[in-house]
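Engineer: As a plain string of letters, each chain reads:
Number of protein chains: 2
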Amino acid sequence: MQSNIHLALVHFPVYNKAKEIVSSSVTTLDVHDIARICRTFAIDSFYVVTPLKTQQELVGKIIDHWLTGHGAEYNPTRKEALLLTRIKNSLQDVVEDIRDRCGQAPKTVITAAKSYPQSIGYESMRQKLQKAEPTLLVFGTGWGLEKSIIQRADFVLSPIEGRSDFNHLPVRAAIAIIADRLLGNR
Amino acid sequence: MQSNIHLALVHFPVYNKAKEIVSSSVTTLDVHDIARICRTFAIDSFYVVTPLKTQQELVGKIIDHWLTGHGAEYNPTRKEALLLTRIKNSLQDVVEDIRDRCGQAPKTVITAAKSYPQSIGYESMRQKLQKAEPTLLVFGTGWGLEKSIIQRADFVLSPIEGRSDFNHLPVRAAIAIIADRLLGNR
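Taken in sequence, the protein lines are chains A and B.
Heads up, the first sequence is in our numbering, so the first residue is 260 and it goes up one at a time.
Heads up, the second sequence is in our numbering, so the first residue is 260 and it goes up one at a time.
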């Protein structure tokens, strides 16, 4: 099933703990977890965004192992999930890749802690996603996406509220919850 | 905030890929991720269940590092999350620990692929959880909980349906989604 919904996990530009703009390291488990989440919720493609060649090679090796190596035989569900995974230098490259593939640049959707002019609720966003226009869900690693990415986004979702003031979900968990809110069959 | 809701991540008895009953290995990242999810959704306690002493020691070391070691200073939000974490030999020990602490054995809730006499929907379970009776959400690792645990559970939730026939979410992602469905503020 094709949904025309895409997801990017951004490792640059993001903040570190000291609020400096850095390139965060790829967590290999993120790649597996998020690929599985994307496959479950019929998200078309999963982009790992990092400008660092060594990190790109690492992700490439993971994908190769599970697509063509011993892993493909050992665990075919990993293969199936990782088939969706692509590696790009920058968010701009992701947008261009989607435009090339779909004939139209995607609307970008991010989550942020504050309210913005582009803020939208989960239910409204869920309805928008039915329309099959290309949409790119963008998630940051480290201590969050550099703020100009937020300012340029087409839509901004509120952060996930649990039942406490603790606001430190791993990005893997946030992506799972947001995919379910926007795309889950409940 | 106290919720009287508890969560257990079970490493024995679970199935392996060949459908044999085994004790799975603890994934250290599960401990961190699930502790954070529990803290976010005000789940009272997070039990890591394994009968293997070496695995219990491993989890104990992780907790110690972040509660009292260098980690406590470096990343206090990990400390805050891991404060909820307990290690037990068996699911029975978890139930007894909750009974000792709360004066009442918890109702147990699991998720399973099939329908059972105890099957319940997410919205109905969400309402039950408002009542502040002790409740234990039980999740299996590996290829799933041994079937007698399912048969003895008080309630059985349906598996998460995404938008595809792919049904291989990591347990971390399933816990995040189920916590949000049952306890999230949407």
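There may be inaccurate statements among the hints.
Identical chains share a label here; the pair holds if one copy fits it or two copies do between them.
35 Å max Cα-Cα, derived DSBU-like pairs, lysine-lysine [claimed, not checked]:
1) LYS338 x LYS312
2) LYS320 x LYS278
3) LYS387 x LYS366
4) LYS373 x LYS338
5) LYS347 x LYS276
Hint data in this document are derived by calculation from the structure and do not stem from the laboratory.
Keep in mind it's a predicted model, so treat the numbers as computed, not measured.
Engineer: Indicate, hint by hint, whether the structure satisfies it.
Structural biologist: Hint check results:
Proximity of LYS338 to LYS312 under the C-alpha cut-off of 35 Å is found in both arrangements, the shortest distances being 23 Å within a copy and 34 Å between copies. Taking the closest pair of Cα atoms, LYS320 and LYS278 come within 35 Å of each other both inside a single copy (31 Å) and across two copies (30 Å). With identical chains, the CA atoms of LYS387 and LYS366 are at most 35 Å apart within one copy only, with a shortest distance of 11 Å there and 39 Å across copies. For the homomeric pair LYS373 and LYS338, the shortest alpha-carbon distance between copies (26 Å) is at most 35 Å, but the shortest distance inside one copy (38 Å) is not.
With identical chains, the CA atoms of LYS347 and LYS276 are at most 35 Å apart both within one copy (24 Å) and between copies (34 Å).
Violated hints for the displayed structure: none, as all numbered hints are satisfied.
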